[in-house]
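K.L.:
Generate coordinates for the entire structure from the input sequences, incorporating the hints supplied.
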Amino acid sequence: MGNIIEFSFMYDSFWELLQYVPITLFLAVTTMIFACVLGLLNALIQIKEIPVLKFFAHSYVLLGRAVPTMVMLYIVYFGLPVFLMAFTDKTGIDTGYQHISPIFFAIVGLTIHTGAYLSEVFRSAILSVDKGQMEAAESIGMTWWQGFYRIVARQAGVFAVPLLANQFLDLIKGTSLVFTITVVELLGGAKIACADDYRYLERYLVVALIYWGISIIFEKLFLLAERKVGIFQKGI
Amino acid sequence: MATYFDFSYMIKSFPTIISYIDITLLITFVAVVIGIALGSIIAIIRINKVKVLYQIAGIYISFMRGTPFLVQLFLCYFGLPELLQKLGVQDIRNVPALFYVMLVFSLHVGAYSSEIMRSAILAIDKGQIEAAYSIGMGNIRAYQRIVLPQAFSLAIPSLTNTVISTLKGTSLVFNVGVIDMMRKADLMGAYSQRNLELYIDVAIIYILLCYIFSKISQIIEKRASYV
Numbered sequence: 001m002g003n004i005i006e007f008s009f010m011y012d013s014f015w016e017l018l019q020y021v022p023i024t025l026f027l028a029v030t031t032m033i034f035a036c037v038l039g040l041l042n043a044l045i046q047i048k049e050i051p052v053l054k055f056f057a058h059s060y061v062l063l064g065r066a067v068p069t070m071v072m073l074y075i076v077y078f079g080l081p082v083f084l085m086a087f088t089d090k091t092g093i094d095t096g097y098q099h100i101s102p103i104f105f106a107i108v109g110l111t112i113h114t115g116a117y118l119s120e121v122f123r124s125a126i127l128s129v130d131k132g133q134m135e136a137a138e139s140i141g142m143t144w145w146q147g148f149y150r151i152v153a154r155q156a157g158v159f160a161v162p163l164l165a166n167q168f169l170d171l172i173k174g175t176s177l178v179f180t181i182t183v184v185e186l187l188g189g190a191k192i193a194c195a196d197d198y199r200y201l202e203r204y205l206v207v208a209l210i211y212w213g214i215s216i217i218f219e220k221l222f223l224l225a226e227r228k229v230g231i232f233q234k235g236i
Numbered sequence: 001m002a003t004y005f006d007f008s009y010m011i012k013s014f015p016t017i018i019s020y021i022d023i024t025l026l027i028t029f030v031a032v033v034i035g036i037a038l039g040s041i042i043a044i045i046r047i048n049k050v051k052v053l054y055q056i057a058g059i060y061i062s063f064m065r066g067t068p069f070l071v072q073l074f075l076c077y078f079g080l081p082e083l084l085q086k087l088g089v090q091d092i093r094n095v096p097a098l099f100y101v102m103l104v105f106s107l108h109v110g111a112y113s114s115e116i117m118r119s120a121i122l123a124i125d126k127g128q129i130e131a132a133y134s135i136g137m138g139n140i141r142a143y144q145r146i147v148l149p150q151a152f153s154l155a156i157p158s159l160t161n162t163v164i165s166t167l168k169g170t171s172l173v174f175n176v177g178v179i180d181m182m183r184k185a186d187l188m189g190a191y192s193q194r195n196l197e198l199y200i201d202v203a204i205i206y207i208l209l210c211y212i213f214s215k216i217s218q219i220i221e222k223r224a225s226y227v
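If you read the sequences in order, they're chains W and C.
Taking my numbering, the leading residue of the first sequence gets 1, the next gets one more, and so forth.
Taking my numbering, the leading residue of the second sequence gets 1, the next gets one more, and so forth.
It is worth saying that the hints were derived from the structure and are not from the lab.
Each residue gets a CB set at the ideal place from its N, CA and C atoms; glycine is no exception.
Please note: incorrect hints may appear among the correct ones.
Claimed, not checked - Each pair of labels, with its calculated beta carbon distance range:
1) ILE212(C) x ILE231(W): 38 to 46 Å
2) ILE220(C) x GLY92(W): 34 to 42 Å
3) GLN19(W) x PHE99(C): 47 to 55 Å
4) GLY58(C) x LEU163(W): 19 to 27 Å
5) ASP12(W) x GLY88(C): 20 to 28 Å
6) PHE99(C) x ILE192(W): 21 to 29 Å
7) LEU122(C) x LEU221(W): 21 to 29 Å
8) THR182(W) x ASN48(C): 43 to 51 Å
P.N.:
Written out as structure tokens, the structure reads:
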């Protein structure tokens with residue numbers, strides 16, 4: 001073998017592996033959407049101090065952030081079917097747990113993980129808005145929800161965007177773990193292809209480059225978004 | 001009908017799983033020590049804009065932060081021996097997997113902590129280093145005695161975050177054949193078919209470790225603050 005790194009092979013496998021990028025992005029985007037909902041709800045529960053739920057929200061944030069993603073994925077992957085099986089047996093409602101695609105477990109696992117982090121992001125963002133804003137909104141007759149949606153959430157958004165961007169970039173990198181629960185995404189695809197010809201160096205280099213490219217692209221996009229959201233902050 | 005969740009099995013296997021904690025702690029320790037040292041050096045290089053090294057450091061940090069840890073691990077574990085073999089080094093098979101894991105982890109922590117150290121060093125008033133120069137200290141001495149100690153005490157909370165994420169990252173090393181808690185849980189699960197209980201054991205251990213680490217950092221933070 002003459003060449004140390006064969007660039008033509010890298011070029012070929014780049015196009016080969018590019019077909020897995022949509023799966024990686026699909027995982028990341030879907031998880032982000034669900035995790036945003038979960039995180040926002042969780043943050044609101046903590047801020048509004050809803051009695052019993054507050055306790056659950058707080059423990060979720062603590063535990064969700066302490067458990068590694070990998071462990072979380074495995075717990076969901078092995079635990080959810082058992083849970084659904086028990087549910088089916090006890091109630092007789094068929095949940096079809098035998099036919100759930102592993103991508104569903106991947107999304108659930110990643111959502112639980114990311115949701116805990118996002119909950120803290122949203123909480124700190126909402127708390128960063130001056131208390132007087134909400135009081136002013138309530139003083140002119142808005143309800144709490146109106147005040148939150150029209151006044152507080154928009155200002156909190158400016159604070160939250162960079163943090164959300166960080167979390168999303170982390171999530172894209174986090175999706176590389178789901179091949180362990182048999183979802184074939186970018187890294188999984190590379191691993192399968194490697195099993196054929198044992199050319200690890202070039203192929204993993206390509207995978208790394210693709211992830212790097214994705215990260216850089218999203219970083220730039222989020223910078224644009226940050227500027228757009230922060231536009232009315234200029235005067236301050 | 002078997003039970004869905006065997007609580008007694010979970011308790012029973014807990015000691016077996018926790019006995020593999022040493023490998024997790026060893027990897028974390030080595031990675032953090034080497035990584036923070038590397039990170040500090042890179043931070044100083046980037047602040048002082050050392051020629052050539054400055055550009056290399058920029059690319060290194062961008063790469064390490066832009067690619068998933070697992071990809072880096074695979075690249076190093078599978079790719080490096082291949083590269084070395086092509087270069088003519090043959091006894092590469094004797095190198096234990098743990099070596100690659102520690103190498104990648106150190107580089108990974110190095111990239112993340114260099115950003116932390118950079119902001120911490122920049123947060124130190126410029127007058128400090130000027131004062132150090134004025135009493136005749138050299139560059140290295142000024143950093144070693146004046147700037148870095150202050151920067152470290154500022155950086156403790158962020159470095160703790162890195163330490164904890166490193167700790168959590170060790171749950172990935174079973175992918176390259178290092179036998180840690182995850183691998184042990186996997187092996188035991190293959191035998192008993194009770195993976196869930198075993199992984200919950202692992203989760204409990206990680207939660208405890210995170211808790212202990214954050215407590216330790218709080219104590220250090222209190223001790224180390226110069227303010």
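K.L.:
With reference to the structure, classify each hint as holding or not holding.
P.N.:
Hint check results:
1. ILE212(C) x ILE231(W): 38 to 46 Å: Distance hint for ILE212(C), ILE231(W) holds at roughly 45 Å.
2. ILE220(C) x GLY92(W): 34 to 42 Å: violated (56 Å)
3. GLN19(W) x PHE99(C): 47 to 55 Å: Given range 47 to 55 Å: violated, Cβ gap about 34 Å.
4. GLY58(C) x LEU163(W): 19 to 27 Å: holds (23 Å)
5. ASP12(W) x GLY88(C): 20 to 28 Å: The hinted range 20 to 28 Å holds for ASP12(W) and GLY88(C), with Cβ atoms some 26 Å apart.
6. PHE99(C) x ILE192(W): 21 to 29 Å: holds (26 Å)
7. LEU122(C) x LEU221(W): 21 to 29 Å: For LEU221(W) against LEU122(C), whose Cβ atoms are near 27 Å apart, the range 21 to 29 Å holds.
8. THR182(W) x ASN48(C): 43 to 51 Å: Between THR182(W) and ASN48(C), where Cβ atoms are some 48 Å apart, the hint holds.
Hints 2, 3 from the earlier list are contradicted by this structure; the remaining hints agree with it.
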